[in-house]
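Order-wise, the sequence lines are chains A and B. Take the first sequence: its letter number 70 is residue 69 in numbering that gives the first Met the number 0, and every next letter is one higher. Take the second sequence: its letter number 49 is residue 48 in numbering that gives the first Met the number 0, and every next letter is one higher.
Cut-off 20 angstroms, straight-line C-alpha distance, at most; resulting in silico cross-link-like pairs (EDC-like, lysine to aspartate or glutamate):
hint, chain 1, residue 1, chain 2, residue 2
1, A, K158, A, D148
2, A, K158, A, D145
3, A, K158, B, E5
4, A, K142, B, E19
5, A, K178, A, E111
6, A, K178, A, E113
7, A, K178, A, E107
8, A, K158, B, D6
9, A, K178, B, D6
10, A, K158, A, E140
11, A, K158, B, D3
12, A, K178, B, E5
13, A, K178, A, E116
14, A, K158, A, E139
15, A, K178, B, D3
16, A, K142, B, E5
Honestly, the hints are just simulated from the structure, not real lab data. Keep in mind that this is a model prediction, so the values were computed, not measured.
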Amino acid sequence: MELFERFARGELAAFETLFRQFERQVQGYIVRLVRDQAVAEELTVETFWRAHRARACFDPGRSGDARQSFGGWLRRIATNLAIDHLRRDRREVPLSDDQAALPAPATEAVLEREQREAIARAFRQLPPSLRVAATLALVEEQKHSDIADALGISVGAVKNRIFRAVRLLRRRLEQLGVKP
Amino acid sequence: MRDDVEDMVRALRSAVPPAEATALAGATTRDLWPEVLARITVRRAPTRAEWALLAAGLAWLAFFPQGAVALFLLL
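Model the full structure from these sequences, guided by the hints.
Laid out in structure tokens, this is it:
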């Protein structure tokens, strides 16, 4: 508990200790959302910087477990940053030249690969708030309550976002003529 | 309907595998603390109010140079 109080008071050594303890956890969480190591590193730095800037808002005694509370707080900051990044980065990712130029024979393997690429592309084009909820729930299989905590919304709202993400994804794939 | 959703989820996990199953999970990480520290300790530029206060102080000293002595004695 004392470590968190020292952090909240602005002690740099306490912040470094917390950074060392939580860095991997935060970075691992962000990379799941943005799926890019370099971006995850950049957003990890930003997350801890924002946490330090807002340290006075962190109340270690508010909930029973200060460690869990601090981890949840970092996850919320990281989630918001990841959503902002995905919002900026939401664009069509074109096929690379060699993939586009290949006169691929229509074997089953090629069709499967094309289908996977179409699904991945359609998924990247989902609105970031739906994409983050769907990534955490459907891809990373995290608990709805944890996702709700990270997004700062209710469990019902998480389920609603997942449902909308699946519906939208299916609609986009139907437009592309892809049937999963 | 439920089967449809399960098929969709299966297809999605095949197209977008969990981070644990990809190279992302095993990526080595460099030490990010120096970057965090640099962000924290970077000196911010003075605000307009601070510049105005400094200008007022200098103007006061220009008109009342003896004030510098009084200020020195006060400090």
